[in-house]
Each structure stands twice: as C-alpha cells, then as structure tokens.
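Residue numbers (numbering that gives the first Met the number 0), protein chains in the order written: chain B, 0 to 337; chain R, 0 to 543.
I should point out that these hints are in silico values taken from the structure, not numbers from a laboratory.
In this text, a Cβ means the ideal position worked out from N, Cα and C, and glycines have one as well.
You may find that some hints are simply not true.
[Unchecked claim] DEER-style ranges, computed between Cβ atoms:
no.	chain 1	residue 1	chain 2	residue 2	range
1	R	L94	B	I202	37 to 45 Å
2	R	Q382	B	S27	45 to 53 Å
3	R	V459	B	A280	47 to 55 Å
4	B	A280	R	M458	28 to 36 Å
5	R	A41	B	A323	21 to 29 Å
[Stated by the list, open to error] To spell it out: a stretch of chain R is covered by chain B in this simulated footprint if at least three of its residues, at any positions, have a beta carbon under 8 Å from a beta carbon of chain B; those stretches are:
no.	region
6	129-138
7	366-378
Listed here are the chains, written in short residue letters.
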Amino acid sequence: MTDDALQRVKFYQTGTQTVGNRLMDADSRTVQASTDRSNAITSGHRACQGCGEALGARYALDAAMRAAGGQLVAVNATGCLEVFTTPYPETSWQIPWLHSVFGNAPAVATGVAAGMRMRGKTDVRVVAQGGDGGTTDIGFGCLSGMFERNDDVLYICYDNEAYMNTGVQRSSATPPAARTATTPAVGDAPGNVFGTGKNMPRIAMAHNIPYVATASVADLHDLEAKVTRAMGIGGARYIHVFVPCPLGWGSASHDTIRIARLAVECGLFPLFEAVHGEVVAVTKIRRQVPVEDYLRPQKRFAHLFREGHEDRMRVEAIQLMADANIRRYGLVDAEDAK
Amino acid sequence: MNGDKLPFAITLDPGSSLHNHTGSWRSERPVYVDRMPPCNNACPAGENIQNWLFHAESGDYAAAWQALMRDNPMPGVMGRVCYHTCETACNRGQLDESVSIHAVERFLGDYALREGLVPQVDAPPSGKRVLIVGAGPSGLSAAYHLTRLGHAVTIREAGPMAGGMMRFGIPKYRLPRDVLDAEIARILAMGVTLELNTKVEDIDAAFAEGFDAIFTAVGAHLAKRTAIPAHAAGRILDAVTLLKQVELGEAPQLGRRVIVYGGGNTAMDVARTVRRMGADDAMIVYRRSAKEMPAHAIEAQEAEDEGVLIHWLRTITQIDATTFTVEKMRIDADGRPQPTGEFETLEADTLVLALGQDADTGFLTRVPGVAVARDGVVAVDGQMMTGRPGLFAGGDMVPSERTVTVAVGHGKKAARNIDAFLRGGQYEKGAQPELAGYDRLNTWYYDDAPQSVQDQLSMVRRQSGFDEVTKGLTEETALFEARRCLSCGNCFECDNCYGVCPDNAVIKLGPGNRFRIDYDYCKGCGICATECPCGAIQMVPEQA
Numbered sequence: 000m001t002d003d004a005l006q007r008v009k010f011y012q013t014g015t016q017t018v019g020n021r022l023m024d025a026d027s028r029t030v031q032a033s034t035d036r037s038n039a040i041t042s043g044h045r046a047c048q049g050c051g052e053a054l055g056a057r058y059a060l061d062a063a064m065r066a067a068g069g070q071l072v073a074v075n076a077t078g079c080l081e082v083f084t085t086p087y088p089e090t091s092w093q094i095p096w097l098h099s100v101f102g103n104a105p106a107v108a109t110g111v112a113a114g115m116r117m118r119g120k121t122d123v124r125v126v127a128q129g130g131d132g133g134t135t136d137i138g139f140g141c142l143s144g145m146f147e148r149n150d151d152v153l154y155i156c157y158d159n160e161a162y163m164n165t166g167v168q169r170s171s172a173t174p175p176a177a178r179t180a181t182t183p184a185v186g187d188a189p190g191n192v193f194g195t196g197k198n199m200p201r202i203a204m205a206h207n208i209p210y211v212a213t214a215s216v217a218d219l220h221d222l223e224a225k226v227t228r229a230m231g232i233g234g235a236r237y238i239h240v241f242v243p244c245p246l247g248w249g250s251a252s253h254d255t256i257r258i259a260r261l262a263v264e265c266g267l268f269p270l271f272e273a274v275h276g277e278v279v280a281v282t283k284i285r286r287q288v289p290v291e292d293y294l295r296p297q298k299r300f301a302h303l304f305r306e307g308h309e310d311r312m313r314v315e316a317i318q319l320m321a322d323a324n325i326r327r328y329g330l331v332d333a334e335d336a337k
Numbered sequence: 000m001n002g003d004k005l006p007f008a009i010t011l012d013p014g015s016s017l018h019n020h021t022g023s024w025r026s027e028r029p030v031y032v033d034r035m036p037p038c039n040n041a042c043p044a045g046e047n048i049q050n051w052l053f054h055a056e057s058g059d060y061a062a063a064w065q066a067l068m069r070d071n072p073m074p075g076v077m078g079r080v081c082y083h084t085c086e087t088a089c090n091r092g093q094l095d096e097s098v099s100i101h102a103v104e105r106f107l108g109d110y111a112l113r114e115g116l117v118p119q120v121d122a123p124p125s126g127k128r129v130l131i132v133g134a135g136p137s138g139l140s141a142a143y144h145l146t147r148l149g150h151a152v153t154i155r156e157a158g159p160m161a162g163g164m165m166r167f168g169i170p171k172y173r174l175p176r177d178v179l180d181a182e183i184a185r186i187l188a189m190g191v192t193l194e195l196n197t198k199v200e201d202i203d204a205a206f207a208e209g210f211d212a213i214f215t216a217v218g219a220h221l222a223k224r225t226a227i228p229a230h231a232a233g234r235i236l237d238a239v240t241l242l243k244q245v246e247l248g249e250a251p252q253l254g255r256r257v258i259v260y261g262g263g264n265t266a267m268d269v270a271r272t273v274r275r276m277g278a279d280d281a282m283i284v285y286r287r288s289a290k291e292m293p294a295h296a297i298e299a300q301e302a303e304d305e306g307v308l309i310h311w312l313r314t315i316t317q318i319d320a321t322t323f324t325v326e327k328m329r330i331d332a333d334g335r336p337q338p339t340g341e342f343e344t345l346e347a348d349t350l351v352l353a354l355g356q357d358a359d360t361g362f363l364t365r366v367p368g369v370a371v372a373r374d375g376v377v378a379v380d381g382q383m384m385t386g387r388p389g390l391f392a393g394g395d396m397v398p399s400e401r402t403v404t405v406a407v408g409h410g411k412k413a414a415r416n417i418d419a420f421l422r423g424g425q426y427e428k429g430a431q432p433e434l435a436g437y438d439r440l441n442t443w444y445y446d447d448a449p450q451s452v453q454d455q456l457s458m459v460r461r462q463s464g465f466d467e468v469t470k471g472l473t474e475e476t477a478l479f480e481a482r483r484c485l486s487c488g489n490c491f492e493c494d495n496c497y498g499v500c501p502d503n504a505v506i507k508l509g510p511g512n513r514f515r516i517d518y519d520y521c522k523g524c525g526i527c528a529t530e531c532p533c534g535a536i537q538m539v540p541e542q543a
C-alpha cells in the first residue's frame with residue numbers, strides 16, 4: 000500500500016485528539032509534536048508542578064513562532080508568567096521577550112509594533128500576553144485602546160481566574176462561588192459573588208476587531224489552529240486561553256488538562272471564534288458532563304460539596320450558566336442534547 | 000565578568016533557567032512501562048497481539064506477520080477457527096465494540112500465504128533430535144517452535160494426512176483446506192520431517208532410536224458412546240468418524256432426517272455438515288439449555304441460521320425404527336438436567352452421536368512413570384513433562400480446554416520446556432507485567448469507531464455446499480480494524496507526553512524509539528501519566 004492510500008484510511012486510532020500520531024501526515028500533527036518546536040519557555044522555570052499557564056503559553060507561542068517564521072517579539076505583562084520565567088539573572092525565554100509593568104503590556108506592544116514598522120521590519124510580528132489580572136483588571140484600559148486603534152498586535156490572555164502569583168486574590172475573571180484569599184468560603188454567600196464579572200472575549204468582540212477566539216490547554220489542535228489563524232490576520236486580535244492553576248484552584252497537579260477538558264465539556268468555558276464581532280465557529284462539546292464533574296475536583300469549590308451540607312442551589316446556579324453558554328453558542332447538537 | 004567595580008545587581012550576565020534543576024522538587028517520578036494488554040493476557044497461544052497490531056497499523060503487514068509468527072505458526076488457520084477469547088477481554092469492548100482481532104489475524108495469515116512470506120529463523124543447530132507423535136495443532140506447533148530453537152524434528156502421524164482435528168474435526172466451510180495445507184507445508188519446509196501412516200506404539204523403542212526428547216500430542220478422537228434402547232437398529236453413527244469420512248471423501252449415505260445428539264461444537268459442526276450433505280432436516284437434541292451448552296454461542300447461532308433445529312432440554316430414551324422417543328428435562332438448582340417424566344416423539348432415520356471424545360493414550364500409560372490424570376488423559380507437570388524424563392505431552396490428551404488455540408499454545412510451551420531440558424536447564428517464564436485494565440486508559444483520546452463486519456456467504460450456498468462461510472477483510476478494512484486497537488499499556492508514540500509536559504522534560508527519541516524523561520527538570524506533576532491514552536506511564540514515589 001502506498002503512503003497515499005494509508006492516509007486515505009481516515010481513522011488513526013486516536014484520530015486528531017492526541018498531540019501527534021505516528022500514522023498521521025507530519026502536517027496534520029501539532030506543532031508540539033515536533034522536535035523542531037521553539038520551546039518558547041524552556042526547562043528550569045519556576046512554575047508550580049502541573050502549571051496550566053506554562054503549558055498554555057508554550058503552546059500559543061510555539062504556534063505563533065511557526066506561523067511567523069521565527070520573526071516574533073513577545074511583550075509580557077506582570078504576573079505569574081513573567082515571574083516564574085525570569086527570576087534574575089535567569090530567563091526561560093527562547094524568543095525575543097520584553098517585560099514592562101502590570102498594566103501597560105498592550106500599549107508597549109503597540110509601541111514595539113510601531114517601532115518595527117518604522118525600521119522597515121515588516122516581517123516581525125508582535126504578541127502581547129498577560130494573565131487575567133493584567134488583562135481584565137489592571138491592563139484593561141490599555142487593551143481597550145489597543146483594540147480601538149486596531150493596532151497590529153495579537154493579545155493572548157492566559158486565564159487562571161485569579162491573582163495566583165501574589166497569593167490567590169480574586170480578579171474580575173474569578174468565577175462565582177470560587178474561594179480565593181479575598182473571597183473566603185464563609186457566611187451566607189461563600190466564595191466569589193454571583194451575577195457580575197467581565198467576559199473579556201465578548202468585550203473584545205464588542206470592539207469589532209478582526210479576530211477573537213477562546214481556547215483551552217485541553218484542546219491543543221484547536222488552540223494551535225486559532226493562534227495560526229490569528230497570526231495570518233493583521234490588526235488587533237485577541238485569544239483567551241483557559242489555563243487551570245493547581246495551586247489556586249486546589250486541584251491535583253496531574254489533573255490540569257483534565258480539569259480544563261471538563262470546563263469545556265460542561266459548557267462553562269465555550270470554545271468559539273468571532274470575526275468582526277460575530278461568532279463564526281464553535282467547537283462542539285464531545286461528551287457532555289454536568290458542571291459538578293468540573294467543580295468537585297477543585298478545592299476552591301469544596302464548600303459546595305460538604306458532606307451532608309451540599310449547596311445544591313449554587314451548583315444549580317452554576318449549571319444554569321453552563322446551560323446558557325450551550326444555548327448561546329450552540330455547543331451541543333439538538334439530537335445529542337440531554 | 001567585571002563584578003569587582005559594579006554593584007552586584009547589574010553585574011550578572013543573563014543566564015538560562017536551564018541552570019535551575021527543578022527535578023529536585025519531585026516527590027514522584029514518571030516511568031515508562033509496558034503493561035500486559037488484556038488481549039495478550041487472554042490468548043491461549045500466548046500471542047503478543049497488541050504488538051503485531053502495532054505493526055499492522057502502519058501497513059507493515061510483513062513485520063506484523065513476523066511478530067505474530069513468533070508465537071503462532073498458523074495465523075491463517077487461527078484467524079478462522081479460534082474462539083478469540085482476546086476479543087472478549089478487549090478493553091475497546093467497553094468503549095464501543097472490541098477490535099476484530101481474529102479478522103486482522105486472518106488477513107495477515109492470508110497475506111503471508113499470498114506473498115510467500117517465510118518465518119525468520121536464526122538459531123544455530125543444536126544437534127539434538129526430537130520426535131513428535133501426532134501431526135495435529137499441538138504437534139505442528141511444537142515442531143515449528145523446536146525448529147526455530149535449532150533442534151531437528153521428526154513428526155510421526157498415524158493417519159494419512161497432517162492436521163489432526165483441524166482437518167478431521169473442523170469442516171472446510173470454516174477452514175478451507177488450501178489454507179490449512181499451505182500453513183502445514185510452510186512448517187515442513189523449515190526442515191521438519193513428517194512420516195505419515197506411522198503409528199508410534201513403543202516409546203522406549205523410539206528413545207532407543209536416538210531421539211533426545213519426545214513430545215506426544217495424539218489428541219482425543221475416540222468417540223464417547225451411550226446406551227440407548229433401540230428396537231429396530233436404525234442408522235447410528237458417531238460424529239468424529241462421520242467428519243473424518245466426509246474429509247476423506249468416504250461419507251456414507253445419510254437419511255433424510257438426521258438427529259445429532261450433543262451440545263458441543265462438534266455437534267454444531269456435524270449438524271451443519273449434514274445439512275450441506277443434503278439432509279432435509281438436521282436436528283440437534285441436547286439435554287440441557289442454551290445457557291449450559293459447551294458449544295460457543297456463535298456456532299449454535301450459525302447452525303440455527305442455516306436451518307438446524309435445536310431441541311433443548313431433551314434426552315433420547317428410545318429408538319423405534321424412525322421414531323425417536325425423547326424425554327423433556329428441566330435444570331435443577333444445581334444446574335443439572337433432571338428428567339420430568341414427560342415424553343414426546345421425533346421422526347428421524349439417522350442418529351449421530353456427538354457426546355465428546357476420549358484420548359487414546361494406552362501406548363503411553365504403559366511407559367513406566369507416566370501417570371493418568373482422568374478419563375485416559377495423561378498427567379503432566381508445569382513443564383508439560385510426564386513422569387518419564389524427556390517425555391512430554393500436550394494438546395487434547397492432557398487435562399485442558401480442547402481448542403486448536405490451546406493446542407497451539409501447548410506446542411509452544413512444550414517446545415520451550417523441551418529446549419530447556421535439552422540444554423540441561425529448566426525454562427523460566429519471565430515476570431508478568433501488571434494488567435492494563437480499562438481504568439488505566441484515558442479514553443478521551445480515542446475516536447469512536449465501530450467494528451468492521453466480515454461478510455458471510457449467501458444462505459443458499461451455506462446450506463448446499465462446503466464453501467467458506469465467513470469472508471475475510473479487505474486491506475482497507477483490515478487496516479481500519481488494526482487502527483481501532485487502543486494499544487493498552489504499551490506506548491504507540493502519540494506524542495501526548497511530549498506535548499503536555501509543562502516543563503519540556505520529555506525527550507522525544509524519534510520513530511520507534513519512544514520517549515525519555517529528563518529527570519533534571521521533571522517536577523513530577525504527573526500530567527504525562529494522566530494524559531497518556533494507553534496507560535504506559537506509571538508514577539513511582541521517589542525514595543526519601
């Protein structure tokens with residue numbers, strides 16, 4: 000049988016779910032499957048065991064490096080990612096990388112892009128990145144400006160839903176009911192409040208920028224495809240990557256990807272793409288689970304599941320959020336709906 | 000560096016975080032393991048199924064076949080007649096449907112015959128001679144494995160053809176003779192001497208001829224009888240004799256309405272054979288129910304599909320010319336059939352007894368030291384050796400389940416032990432790895448894919464001739480089926496561990512070489528083990 004015919008048999012044991020697959024065309028494998036990947040963040044960094052952000056950032060930047068042919072500058076807001084990769088005098092970065100302060104990464108990236116343009120380096124692309132604190136709270140104004148000016152920057156937010164590096168304080172991305180150092184699980188309304196919060200991807204869409212997407216460390220093929228697509232577009236682009244934090248969430252270090260997968264499969268973290276403010280594609284839920292499956296393995300939600308005192312009301316309220324996402328984005332095909 | 004003059008904080012050159020060996024944080028370390036896949040664990044012939052499927056998945060059928068041949072010399076036969084306990088054990092059965100292992104095995108067997116592949120043998124000649132008594136599946140398997148181990152083998156067979164029960168017990172619609180002949184011929188072509196129509200009666204005389212060891216595998220082919228009062232002696236035959244006569248082209252004329260008495264695979268085979276020979280009615284009478292029958296459900300199903308009528312819970316009590324009186328039975332609390340005192344009659348003109356077979360081991364039990372286990376079968380020890388040093392026995396003549404696959408497994412096991420005996424030692428089985436159960440898998444990563452179905456011959460042709468009933472897979476479906484394998488407990492190089500490590504502490508060694516953990520940087524988070532689809536990574540506590 001020729002190689003061609005082998006590729007026509009579409010089933011590859013794990014299909015396209017795994018990172019690579021020895022039976023698949025090299026082109027169909029992920030960037031992460033390649034020994035040529037940039038390894039934007041190399042070994043020896045100080046991230047905790049099982050860090051989702053270390054993983055998400057390497058996934059995104061390695062894909063961006065491949066898409067940009069290695070011509071990439073990354074600007075980094077203050078946060079875990081900056082701290083654990085660059086304790087003086089060491090660095091884990093194997094790409095041109097620039098740290099400014101907590102709130103101005105989008106503005107600095109705008110400047111880098113302008114500088115490159117002035118010097119005629121039109122092939123150099125710029126990525127800015129930060130955690131949810133640097134993005135949805137402290138850098139929010141600069142980011143909104145960058146969007147509004149449609150500067151040629153891809154901004155990537157690694158969302159672990161609180162200020163982890165400084166000791167797990169809540170951010171505007173912290174989900175309802177989650178326990179943090181500043182939203183303790185005590186009293187009549189334990190954990191973070193219900194009802195408000197900042198949905199950054201939808202805020203980005205409201206700026207009518209060329210490209211907005213959500214991605215998860217649990218779906219590498221999907222994440223790389225979105226980064227690659229974003230790198231092929233000019234102007235302001237935004238990708239919001241879901242990255243579990245074993246330390247802040249109280250989950251087992253080996254469960255980082257599993258937790259991220261459950262967040263997608265229960266509907267709490269929808270995967271979609273939007274072009275000029277309109278949702279154009281969603282990644283369907285493959286095996287739907289109740290939100291409880293996602294919440295239970297995390298100690299930040301343990302107060303919802305105390306033996307004999309289960310907080311069904313709050314679990315139900317969170318389920319309603321997931322159901323709303325499923326309806327809004329059409330995450331489950333009608334015939335598969337429970 | 001010019002640190003003497005400048006303040007400390009601006010004197011250090013940028014360094015890489017590679018200086019920081021985060022491996023020291025670790026309390027558990029990931030270790031690559033090869034666990035025992037359930038299919039391999041269940042195979043009576045000890046095949047490394049996961050391994051040969053691995054090669055088949057990449058389309059390297061020759062390598063797959065060579066891997067298969069390390070354990071089983073007759074894949075073409077096996078893929079047709081084995082009852083595939085591997086598929087019952089297959090973890091994929093809990094996901095959607097088990098992998099159709101037998102169909103891929105058959106594809107590989109047929110592929111090798113078509114391409115004329117021969118097994119790779121590289122052992123130097125040992126100078127030892129082994130006699131094998133009986134050219135059935137056990138004897139042929141032992142001959143093959145002993146030859147691969149470098150010994151000179153002679154097979155003596157009492158009958159006119161090699162194959163044993165594969166030829167005289169399994170009808171050709173299940174096992175076409177060209178496949179059987181070709182796979183036997185391939186074993187003989189390795190240098191095995193076959194002497195047909197040569198019955199071995201005297202073991203001591205055979206040793207005196209200069210054989211260093213003898214393996215007896217004469218099977219069990221003496222039909223069991225039962226006493227049924229018959230006022231006018233109708234035509235009463237026994238199943239093994241009838242099947243043998245059909246094979247030799249000496250089948251007697253049968254009546255129009257034939258009753259087969261028994262509930263084993265032989266009963267099913269003989270009823271289906273009788274149907275093909277032109278009997279109007281082929282019936283099976285069995286004293287217990289479908290639940291207790293020794294026949295495999297698939298065989299009973301195929302017999303019924305072909306129009307064989309099975310009378311469950313009946314015993315034959317009397318025969319009067321063409322009227323058979325049968326008594327209804329019921330199953331008691333202990334699962335035993337009990338008479339009910341209710342009778343009915345069946346019209347038939349021929350009775351075929353399929354009540355099981357005994358082993359003809361008289362020639363062996365005369366040998367000093369050889370013990371009989373029960374019902375004439377010979378006792379062997381863990382090395383398959385009888386009480387007479389150098390005399391081994393296997394297959395249907397020793398206590399075990401009587402299938403071709405078990406017999407082939409006996410041949411392999413005996414060969415290993417005979418080899419050790421001839422070299423003055425004892426065969427030591429390696430430590431068995433831990434079972435790769437379903438709970439070891441991360442099934443998220445596997446795509447849904449239903450089992451490929453093997454086509455069957457049309458019913459009219461099934462009822463009128465001896466053409467093979469079940470068709471083989473095409474290359475495309477065989478490849479698809481091989482690729483349904485979950486590779487339980489054994490790395491198949493999906494790159495997951497390499498991709499999911501937050502610390503880049505997994506080193507990819509390239510195709511066929513798998514991966515290595517870089518313990519200088521591995522923090523022991525365990526994501527690689529959790530996200531390994533097939534359970535080939537184990538977390539092991541670090542020593543304090």
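Hints versus structure:
1. Separation of R:L94 from B:I202 is about 41 Å and conforms to the stated range, judged on CB atoms against 37 to 45 Å.
2. Range check, R:Q382 to B:S27: about 51 Å between beta-carbon atoms, so the 45 to 53 Å window is met.
3. At about 53 Å, the beta-carbon gap between R:V459 and B:A280 stays in the expected band of 47 to 55 Å.
4. About 50 Å separates the C-beta atoms of B:A280 and R:M458, a value inconsistent with the hinted range of 28 to 36 Å.
5. Evaluation of the 21 to 29 Å hint for R:A41 and B:A323 yields a failure: the beta carbon distance comes to about 48 Å.
6. Given as covered by chain B, the region 129-138 of chain R fails the check, having 0 residues with a CB less than 8 Å from a CB of that chain where 3 are the minimum.
7. Counting residues of the region 366-378 of chain R whose beta-carbon sits less than 8 Å from any beta-carbon of chain B gives 0, not enough to reach three: the coverage restraint is violated.
Hint compliance for this structure: hints 4, 5, 6 and 7 are broken, all remaining hints hold.
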